[in-house]
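Each chain is listed here by its residues.
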Amino acid sequence: MPATATSPLLQLEQLTSVRPGSQGQTIPVLEGLTCSFHQGSLTALIGPSGSGKSSLIRLINRLDDPLQGRILLEGLDIRELSPPLLRQRIGMMLQKTHLFEGTVLDNLQLPFSYRKKPLPGPDDPEVIRCLTLARLTPDFLQRDARTLSGGQQQRVSLARALISRPQALLLDEPTSALDRPATDSLGQTLQELCRSEQLAVILVTHDLRLAERISDQTIYLEAGRIVEAGRTAELFAQPQSEGLQKFLAEPEDERH
Amino acid sequence: MSDNALIHLDLLQLVYAYALILLSISLARFRQIGQERQMLWASLRMVVQLLAVGYLLQLVFTVRSPLLVILILLTMTGFSLQIIGSRIKQRMPGFYRIMGSSIIIGCGGVTFYFCLLVVGYTPWYDPRYLIPLAGMIIGNSMNGASLAAERLAAEMQQRHDELETALCLGATARQAAEPILRTAYKAALIPTINTMAATGIVALPGMMTGQILSGTAPMLAVRYQIAIMCAITAAVAITALLILLQGYRGYFTPADQLQRPHSSS
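Top line first, the protein sequences correspond to chains G and W. Heads up: the first sequence begins at 1 in our numbering, then just goes up one per residue. Heads up: the second sequence begins at 1001 in our numbering, then just goes up one per residue.
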């Protein structure tokens, strides 16, 4: 159950953002968006392509900045934190996640080297903890990260995002390159992780089946605005807006 | 000795030499392999520029004004910038500012060090030494400078996902760009390092050959060549480093974010 009684980890207030167009004009991406996210709760962000889902989560760890509005992490404006520090507290898996050359262990050590901390070895409890959370076994550590399967690579990327002990995890289409069994398996991992680590997980996905299965909350975006938000079970069972009703009824391949 | 007779002889030799280029162009045209226009244009440019510079140097060597000599050096830098700029397709943000300042500091610093400390002639601005040495140092550094700039821009674009992944893992802009800086620096230095390694075995350097041909004792020519190669290497290394350390910043915001791509470079 989402911990709605406690104060939210993340509060997004009146976010407006734009992106530059090809002729130098600005194109609105998000228009006055307000919402909040709690620890221990998995929120799915759904909506048509170009509705602003990815743009929204990129604001949360400051890969981009909004034009207006602010984001509070435990009540503190995220612009008060140094971006590297913020990004350690808010982990993110990009849609085109990149595994660096070298072994899985090399990849897990990276965040430590960025912080100029001593690098953990293969027996380090923190390394083992993150591998286990991502449902990988220790024998993966010495394998060449780039020769792993798509699903395994996503898990390495997940373990790497967890190694900084973040409070929130942002995921941009983590299953878009995975087949159904791998998607379901990763989805289950995310769900368990969210509970056991009390993470605020925010999942951008086109996969409505996945969103319905694993998320506690769902936010439906359309043209940079929140059209509908609430408990996933209720939202999927009884969509209120015409937009969401239509969106849920569309065949999967047309939604992409 | 009559100047006219010498010039006449030189011209004939030049015609013979240029015939080599015409031969290459004919071959290229015959085999339809391309580059004729480029060879023709570049070679004509080379001839006109060198002749012009020859007359100019005769004039300049009589100059006794440090200000004028500096002005000439800056003009040379300007032309090198124009050439680098026209050769490079992808340019980093602030291209001319960064390239200009890096060449002035890198090549200029090395040139003055070399002239004052290594060759040690007086007065320091004596155009007879300063201008050819500066020319050689800038000319040889241009290749390294454009390689650094080109590689930086290309890698920054190609490795966008890698950069953003590193930022997501808590890297600063500098840390995220580090692998790219290393790649670009390596690319910039490889020709110079290869030249140093091959010198004397694979090829005799042009300056040394020229000195020997004009009557300098081989060992003296060799010493000059060693000195100038050290200067060129340092100039390439320092210029490339300055370009990269200034250049990568333009791809990031102060908040360790990647700049949004703009339609114009």
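Quick caveat, the hints were computed from the structure, so don't treat them as lab data. The model shown is predicted, which means the values in this text are computed figures rather than measured ones. Glycine residues also receive a C-beta, built at the ideal position from the N, C-alpha and C atoms. Just so you know, not all the hints are guaranteed correct.
What the hints assert, rightly or not - Counterexamples of contact, computed for chain W against chain G with all Cβ distances above 12 Å:
1. Gly1135
2. Asn1140
3. Ala1166
4. Leu1169
5. Ala1176
6. Pro1205
7. Tyr1224
8. Leu1258
9. Arg1260
Said to hold, decoys possible - Cβ pair distances, simulated, as ranges:
10. G:Ile27 / W:Leu1050: 47 to 55 Å
11. G:Gly21 / W:Ile1193: 43 to 51 Å
12. G:Lys117 / W:Arg1223: 33 to 41 Å
13. W:Gly1085 / G:Thr6: 25 to 33 Å
14. W:Thr1199 / G:Ile27: 49 to 57 Å
15. G:Leu67 / W:Leu1050: 36 to 44 Å
16. W:Trp1124 / G:Arg70: 57 to 65 Å
17. W:Ala1203 / G:Lys117: 46 to 54 Å
18. G:Gly50 / W:Ser1026: 38 to 46 Å
19. G:Glu80 / W:Glu1178: 48 to 56 Å
20. W:Arg1174 / G:Ser176: 42 to 50 Å
21. W:Leu1245 / G:Gly151: 38 to 46 Å
Against the structure, the hints come out as follows:
1. Distance to chain G confirms Gly1135 (chain W) as a non-interface residue, since its nearest Cβ pair spans about 41 Å, more than 12 Å.
2. No beta-carbon of chain G is positioned within 12 Å of the beta-carbon of Asn1140 (chain W); the least distance is around 33 Å.
3. With a cut of 12 Å on Cβ distances, Ala1166 (chain W) falls inside the contact zone with chain G, its closest approach being about 7 Å.
4. Not every C-beta of chain G lies more than 12 Å from that of Leu1169 (chain W), the closest at about 5 Å, which undercuts listing it as non-interface.
5. With a least beta-carbon separation of about 9 Å from chain G, Ala1176 (chain W) fails to lie farther than 12 Å from that chain, contradicting its non-interface assignment.
6. The Cβ of Pro1205 (chain W) lies farther than 12 Å from every Cβ of chain G, with a closest approach of about 37 Å, so its non-interface assignment holds.
7. With a least CB separation of 43 Å from chain G, Tyr1224 (chain W) remains clear of the 12 Å interface cut-off, as annotated.
8. The non-interface label for Leu1258 (chain W) is inconsistent with chain G: the shortest C-beta to C-beta separation is roughly 7 Å, within 12 Å.
9. At roughly 6 Å, the least C-beta separation between Arg1260 (chain W) and chain G is not larger than 12 Å, which violates its mark as non-interface.
10. Between Ile27 (chain G) and Leu1050 (chain W) the beta carbon distance is about 53 Å. The supplied range of 47 to 55 Å therefore holds.
11. In this structure the hint that Gly21 (chain G) and Ile1193 (chain W) lie 43 to 51 Å apart at CB holds, the actual value being about 45 Å.
12. Between Lys117 (chain G) and Arg1223 (chain W), the C-beta spacing of about 50 Å breaks the proposed range 33 to 41 Å.
13. In this structure, Gly1085 (chain W) and Thr6 (chain G) break the distance hint of 25 to 33 Å, their C-beta atoms being roughly 58 Å apart.
14. In this structure, Thr1199 (chain W) and Ile27 (chain G) meet the distance hint of 49 to 57 Å, their C-beta atoms being roughly 56 Å apart.
15. As the Cβ distance of Leu67 (chain G) to Leu1050 (chain W) is approximately 55 Å, the hint placing it in 36 to 44 Å is violated.
16. Taking the beta carbon of each, Trp1124 (chain W) and Arg70 (chain G) are about 58 Å apart, inside 57 to 65 Å as hinted.
17. At roughly 49 Å, the beta carbons of Ala1203 (chain W) and Lys117 (chain G) sit within the given window of 46 to 54 Å.
18. For the pair Gly50 (chain G) and Ser1026 (chain W), the beta carbons lie near 57 Å from each other, so the given range of 38 to 46 Å is not met.
19. At about 27 Å, the CB distance of Glu80 (chain G) to Glu1178 (chain W) disagrees with the hint of 48 to 56 Å.
20. Evaluation of the 42 to 50 Å hint for Arg1174 (chain W) and Ser176 (chain G) yields a failure: the beta carbon distance comes to about 31 Å.
21. A beta carbon spacing of about 40 Å between Leu1245 (chain W) and Gly151 (chain G) agrees with the range 38 to 46 Å that was offered as a hint.
Violated hints for the displayed structure, listed by number in ascending order: 3, 4, 5, 8, 9, 12, 13, 15, 18, 19, 20.
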